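**Q** Sequence:
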Amino acid sequence: MVFLAKDVFNKKVSIINHSCYPKINKEKQVFYYKNVYSRCDFIAARERRSLHIITNILNVNATLSFDSLPLSIKDLKFIPPSYYSGKYVCLSGAVNYNVENSKFISECILEKYPDHKIIYLVGSASGINYEEPTVIKSLKQYMPKMIVHDAKSFGEWLSVIKYSEVLISGRYHYSIAAMCFGTPMICFASNTPKIDEVNKLFGLPNCVTDQEQFSQALGNIQQFEWKPLLNEMCTMAKENYKFLNS
1 MVFLAKDVFN KKVSIINHSC YPKINKEKQV FYYKNVYSRC DFIAARERRS
51 LHIITNILNV NATLSFDSLP LSIKDLKFIP PSYYSGKYVC LSGAVNYNVE
101 NSKFISECIL EKYPDHKIIY LVGSASGINY EEPTVIKSLK QYMPKMIVHD
151 AKSFGEWLSV IKYSEVLISG RYHYSIAAMC FGTPMICFAS NTPKIDEVNK
201 LFGLPNCVTD QEQFSQALGN IQQFEWKPLL NEMCTMAKEN YKFLNS
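Under the UniProt record's numbering, think of the first position of the sequence shown as 1, with each following residue one higher.
These are calculated hints, taken from the structure and not from any lab test. All clues given are correct.
No more than 20 Å apart at the CA atoms, straight line, and that leaves these computed lysine to aspartate or glutamate pairs for EDC-like:
| # | residue 1 | residue 2 |
| --- | --- | --- |
| 1 | 140 | 115 |
| 2 | 137 | 100 |
| 3 | 238 | 75 |
| 4 | 23 | 196 |
| 5 | 194 | 232 |
| 6 | 227 | 165 |
| 7 | 145 | 111 |
| 8 | 238 | 41 |
| 9 | 87 | 150 |
| 10 | 112 | 165 |
| 11 | 87 | 115 |
| 12 | 74 | 232 |
| 13 | 112 | 225 |
| 14 | 242 | 232 |
| 15 | 137 | 107 |
| 16 | 112 | 210 |
| 17 | 200 | 239 |
| 18 | 194 | 239 |
| 19 | 77 | 232 |
| 20 | 145 | 115 |
| 21 | 6 | 41 |
| 22 | 117 | 156 |
| 23 | 140 | 107 |
| 24 | 12 | 41 |
| 25 | 238 | 197 |
| 26 | 87 | 156 |
| 27 | 34 | 7 |
| 28 | 103 | 212 |
| 29 | 103 | 210 |
| 30 | 242 | 75 |
| 31 | 140 | 111 |
| 32 | 87 | 107 |
| 33 | 87 | 111 |
These numbers come from a predicted model, not from an experiment.
Start from the sequences, fold in the hints, and give me the full structure.
**A** Here it is, written out as structure tokens:
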């Protein structure tokens with residue numbers, strides 16, 4: 001698409017709200033990335049690792065920005081109050097979620113939050129993710145009272161995250177939404193380092209990669225000072241759109 005826009009139609013090309021993780025040891029892949037990115041008039045990388053790769057490995061100018069979700073949250077005029085009476089834990093899956101961990105995760109959650117509702121949150125513009133039913137089934141074995149909440153709107157989805165006692169998730173935008181509100185959270189490592197890089201950017205606890213790390217993160221979650229990052233994230237996210245002024 002970049003080649004077509006730039007070389008055929010002679011258009012200005014901008015890549016924004018972007019993460020970049022080519023395999024650095026693959027010479028042909030790096031060459032391909034360089035050829036594409038060098039044609040761009042503006043590139044906004046949404047975390048420092050991508051910025052480093054683009055500017056130092058691909059040798060292309062880029063600016064540090066952030067994901068645009070916080071801007072959408074800030075523009076929303078109304079977020080519904082909590083859908084649940086009492087406290088609850090909000091769960092979601094991950095692209096690379098391992099169902100073999102469901103027993104351990106469930107036991108840890110039930111031990112830490114014995115009196116809380118357990119809410120498994122789904123909902124996106126494209127519908128339920130294909131892997132969700134398998135993840136839900138694996139958790140329901142050990143937490144039969146777990147409620148599956150299928151959010152029908154952006155505001156509803158945000159509300160469930162905002163008012164939860166803790167978010168436990170491996171999904172990128174779920175984690176960013178929690179950061180915006182200062183909701184305590186535990187992040188599963190994803191199939192790319194983008195969640196890890198956001199955590200580093202804002203000084204948040206690392207993603208967990210195994211059962212021991214999950215147990216420790218759950219035990220230490222109240223010791224961390226969680227604070228809303230919405231304004232800080234919005235300031236960075238606006239960097240995506242500076243190309244509009246050029």
